[in-house]
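K.L.:
The chain contents come next:
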Amino acid sequence: MMGSENQGFEEAHLYASKEEMENLVLDEPLNDNKSHSNYRSALSSLADTHHPLSPPVAATPADSDPLLAPPSYSDFGNPSIHDNSYLDPPSYADVTFSPFDGDTGNDINGIESPSKSSDNSGSLSRSPSSSSEYIKITVSNPQKEQETSNSLVPGGNTYVTYLITTRTNIPEFGASEFSVRRRFRDIVTLSDRLAESYRGYFVPPRPDKNVVESQVMQKQEFVEQRRVALEKYLRRLADHPVIRKSDELKVFLQVQGKLPLPTSTDVASRMLDGAAKLPKQLFGESAVAPHEIVQPAKGGRDLLRLFKELRQSMANDWGGSKPPVVEEDKEFLERKEKMHELEQQLSNASQQAESLVKAQQDMGETMGELGLAFIKLTKFENEEAMFNSQRVRAADMKGLATAAVKASRFYRELNAQTVKHLDTFHEYLGLMLSVNGAFSDRSSALLTVQTLISELDSLHSRAEKLESASSKIFGGDKSRIHKLEELKETIRVTEDAKNVAIREYERIKGLMLDDDGI
Amino acid sequence: MITVRSVSGSSQSPRSPSSQPFLSVSVTDPVKLGNGVQAYISYRVITKTNFPEYQGPEKIVIRRYSDFVWLRDRLFEKYKGIFIPPLPEKSAVEKFRFSAEFIEMRRQALDIFVNRIASHQELQQSEDLRTFLQADEEMMERLRSHETGIFKKKPADLMQIFKDVQSRVSDVVLGKEKPVEESNPEYEKLKNYVFELENHLAEAQKHAYRLVKRHRELGQSLSDFGKAAKLLGACEGNALGKAFSELGAKSETLSIKLQKEAHQLLMSFEEPLKDYVRAVQSIKATIAERANAFRQQCELAETIKLKEINLDKLMLTRSDKVGEAEIEYKELKAASEEATNRFETIVRLMNEEIVRFQEQKTVDMGIAFHEFAKGQARLANGIADAWRSLLPKLEVCSS
Chain A
1 MMGSENQGFE EAHLYASKEE MENLVLDEPL NDNKSHSNYR SALSSLADTH HPLSPPVAAT
61 PADSDPLLAP PSYSDFGNPS IHDNSYLDPP SYADVTFSPF DGDTGNDING IESPSKSSDN
121 SGSLSRSPSS SSEYIKITVS NPQKEQETSN SLVPGGNTYV TYLITTRTNI PEFGASEFSV
181 RRRFRDIVTL SDRLAESYRG YFVPPRPDKN VVESQVMQKQ EFVEQRRVAL EKYLRRLADH
241 PVIRKSDELK VFLQVQGKLP LPTSTDVASR MLDGAAKLPK QLFGESAVAP HEIVQPAKGG
301 RDLLRLFKEL RQSMANDWGG SKPPVVEEDK EFLERKEKMH ELEQQLSNAS QQAESLVKAQ
361 QDMGETMGEL GLAFIKLTKF ENEEAMFNSQ RVRAADMKGL ATAAVKASRF YRELNAQTVK
421 HLDTFHEYLG LMLSVNGAFS DRSSALLTVQ TLISELDSLH SRAEKLESAS SKIFGGDKSR
481 IHKLEELKET IRVTEDAKNV AIREYERIKG LMLDDDGI
Chain B
1 MITVRSVSGS SQSPRSPSSQ PFLSVSVTDP VKLGNGVQAY ISYRVITKTN FPEYQGPEKI
61 VIRRYSDFVW LRDRLFEKYK GIFIPPLPEK SAVEKFRFSA EFIEMRRQAL DIFVNRIASH
121 QELQQSEDLR TFLQADEEMM ERLRSHETGI FKKKPADLMQ IFKDVQSRVS DVVLGKEKPV
181 EESNPEYEKL KNYVFELENH LAEAQKHAYR LVKRHRELGQ SLSDFGKAAK LLGACEGNAL
241 GKAFSELGAK SETLSIKLQK EAHQLLMSFE EPLKDYVRAV QSIKATIAER ANAFRQQCEL
301 AETIKLKEIN LDKLMLTRSD KVGEAEIEYK ELKAASEEAT NRFETIVRLM NEEIVRFQEQ
361 KTVDMGIAFH EFAKGQARLA NGIADAWRSL LPKLEVCSS
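Here the protein sequences come in this chain order: A and B. Residues 1 to 518 in full-length UniProt numbering are what the first sequence lists, from first letter to last. Residues 1 to 399 in full-length UniProt numbering are what the second sequence lists, from first letter to last.
Rather than coming from a laboratory, the hints here were simulated on the basis of the structure. Warning: the hint list may mix true and false statements.
[As the list claims (entries may be wrong)] SDA-like cross-link-like pairs, simulated, lysine to any residue; straight-line CA separation at most 20 Å: (1) A:398 - A:388; (2) A:219 - A:183; (3) B:230 - B:245; (4) A:379 - B:363; (5) A:509 - A:337; (6) B:59 - B:21; (7) B:230 - A:337; (8) A:338 - B:237; (9) A:406 - A:396; (10) B:230 - A:340; (11) A:376 - B:192; (12) A:338 - B:236; (13) B:361 - A:399; (14) B:227 - B:257; (15) B:257 - B:388; (16) B:32 - B:141; (17) B:230 - B:242; (18) A:358 - B:217; (19) A:219 - A:147; (20) A:358 - B:259; (21) A:258 - A:230; (22) B:374 - A:396; (23) A:398 - B:374; (24) A:376 - B:189; (25) B:90 - B:141; (26) B:213 - B:267; (27) B:321 - B:309; (28) B:230 - A:424; (29) A:338 - B:238; (30) B:189 - A:383; (31) A:209 - A:183; (32) A:398 - B:358; (33) A:258 - A:247; (34) A:358 - B:227; (35) B:59 - B:107; (36) A:336 - B:241; (37) B:90 - B:108; (38) B:189 - A:388; (39) B:374 - A:395; (40) A:406 - B:374.
Taking the hints into account, I'd like the entire structure generated from these sequences.
P.N.:
Encoded structure:
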């Protein structure tokens, strides 16, 4: 019915390609070894370069397929955290979580579990080439527990705790294997404290609180989703060369019972505290504690400082004159622009990756449904067969159905792999958040410096005025002299604060130089 | 593509085209005519034949969809018992009516329709077919408009319709709720088979259509993803940027492959399945006709019995109405015989048709499945090749 020669030729070609495809599968173990050595050598060269983003994407083929691999954060140097950081897990993360049919479940799980829990890359040791230190963290065993204290409601408040097991050979930990139970709130505390302690670094963002999802999703699914997210987060922290040695993390991983880190207070109570302090500040005792200077004004209790910095930033934007200290590093500004553009494209690519995954999933599903429909048809024709032609047709249909069902399974496998690899985009987006966090740390530090300098200027001119005024009165004006002395004291304190702020700003600048410089 | 080229005398294969009788038709060249709401598509119908009844070896006419409908209806009337090949549906959504894809699907279906008629031993002899293939456009239009509307049937048939209604009403009145049906277990089995088959096929066709859509969606995703990858590459420099734009370009290439395959899938797999569904629906129409014929036969038999009794009564009473009654009786007898003949013809034809149908469908489906598998294998290979060819370019980047 169709040109039979063409048909034969094309089919022969198809069968030949089939062999090729099988050969490709056989080759994979070889690729595996090759890629490992690539990885190791790439890693050692990375330790020298400290380039934040470019090499790792290309240079870390940790999996058997040397196309893409999850990046090593440790290679970037010093990620920083932002306490507002959040990143919705990609919607196609559901693909990894959705329950598969019983008979395909084993296949898929067999392939997925490496990426889920044990994580190939983890065992390949992402730590810098300098040592063979490792920390391996596992999150498991979620359990419901009851809020013991002051529960007005009988049956009380329940929450979920997760078992966090650590295996390490880092001496500072004092032990090689230990476990502890933590709840999500503890993670929030940990992440906030790290943000404060490691300002200016690229600290990985913590998992989202997902308040809406926790109500809407099935409890089991939600808990599992959170468990995975927590594990990923803790592993990233452990990979970070500076943070992994932090006290906060150590305490979090080791100390039994209640987490001994100061909890973050919510916005409302902070505002209340700030409001309580305000009158004292306005009436003259505006001493800004140096240790607070090194934190941004926004998250703190000092309302007055907040107002002043806000005023300063408006003066920067709208005022005629240039502020005393500016972001002069042109290279930094350029890089910031580039980062912004990169972030946009990453976000776009991540979105498209999501729809690609969805399209593949749909394809697999529909293919499977088609196969099932034909299986039903086959059964029907066989049962009702009155003619031989029907049996022949039924046999053909069965062939088609079986192939369709197999194809459907392959699509699922494909998707699992795709999700694993394209998830990289999403992780990079998370990194972008950290980078943005670091950038805004730098900006807010700069703003603090600018504000303090402006304030010093105005304090100095007030002092001058007072001096000239009181010098006109012979013998001095007792009250004015008193005021002058107070003012001089304030100037001294503010001068100190200014110096601390400048040091902080320079420190953050220095961190970035380390990261960005090639 | 499924094309059914006609072979006259189904048991013989043509030796040399010139000596064996043949009738070959093709439906081509869809052209949009008219404006606005009145717009329609016309097709060129080319006939090549050496049948003596035809005007010449080749004839080209212009036909539109409603002409095909006319042909189908005439054949359905005249050849009860034969499964008349199905027509594609009347147009669906307005917007879709003139899309290139819809037009091509319809053209293919119409081509198959005419060719099936032309290769059917009995149907190919039809005078209506000859008219359809040869009449000029004005004549065709006259015939077409004459047949439209509820007055499709000739007056004699109208009477029959009234009689049918009448008898059905009397049945209900007399408490006979179900119309009389054959009590033939094999036939029952066939009827059940046909009805269930339609359900199964409709489901398979639904999934096939969805699969076409999925191919299109995947193609679109790959295209969007490719573009995004290229833009991302533009942000990076040198080797990495190049890698991304290679990735993006490959992705876009694959998108095109997928769209092509989607179209193939639609024409070579989904359409044949839909055609199968339509064919089964046509069988259902024939089943209804058979039921009608059976009922007529039964009723006439009943009526005759009554008339016989009446006639005997009249003869006994030596009524002068005897003559009339005898004439009536004779007419009824003739009608009854005719009805019985009609019914038995239908039964005979159906038995032949069902064998032919099953064999034809096995062939059609075999081809459709083959095309499906070929298309998917081709696509999978294409995709694998594309990604494989990308690997060396990426490895350069990662070393």
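K.L.:
So, for every hint listed, does it hold in this structure?
P.N.:
For each hint, the structure was consulted:
| no. | hint | result |
| --- | --- | --- |
| 1 | A:398 - A:388 | holds (15 Å) |
| 2 | A:219 - A:183 | holds (15 Å) |
| 3 | B:230 - B:245 | holds (4 Å) |
| 4 | A:379 - B:363 | holds (19 Å) |
| 5 | A:509 - A:337 | holds (17 Å) |
| 6 | B:59 - B:21 | holds (16 Å) |
| 7 | B:230 - A:337 | holds (19 Å) |
| 8 | A:338 - B:237 | holds (11 Å) |
| 9 | A:406 - A:396 | holds (16 Å) |
| 10 | B:230 - A:340 | holds (17 Å) |
| 11 | A:376 - B:192 | holds (16 Å) |
| 12 | A:338 - B:236 | holds (9 Å) |
| 13 | B:361 - A:399 | holds (16 Å) |
| 14 | B:227 - B:257 | holds (16 Å) |
| 15 | B:257 - B:388 | holds (16 Å) |
| 16 | B:32 - B:141 | holds (17 Å) |
| 17 | B:230 - B:242 | holds (9 Å) |
| 18 | A:358 - B:217 | holds (10 Å) |
| 19 | A:219 - A:147 | holds (18 Å) |
| 20 | A:358 - B:259 | holds (17 Å) |
| 21 | A:258 - A:230 | holds (18 Å) |
| 22 | B:374 - A:396 | holds (14 Å) |
| 23 | A:398 - B:374 | holds (16 Å) |
| 24 | A:376 - B:189 | holds (19 Å) |
| 25 | B:90 - B:141 | holds (18 Å) |
| 26 | B:213 - B:267 | holds (13 Å) |
| 27 | B:321 - B:309 | holds (14 Å) |
| 28 | B:230 - A:424 | holds (16 Å) |
| 29 | A:338 - B:238 | holds (15 Å) |
| 30 | B:189 - A:383 | holds (12 Å) |
| 31 | A:209 - A:183 | holds (12 Å) |
| 32 | A:398 - B:358 | holds (17 Å) |
| 33 | A:258 - A:247 | holds (16 Å) |
| 34 | A:358 - B:227 | holds (17 Å) |
| 35 | B:59 - B:107 | holds (19 Å) |
| 36 | A:336 - B:241 | holds (19 Å) |
| 37 | B:90 - B:108 | holds (14 Å) |
| 38 | B:189 - A:388 | holds (16 Å) |
| 39 | B:374 - A:395 | holds (18 Å) |
| 40 | A:406 - B:374 | holds (15 Å) |
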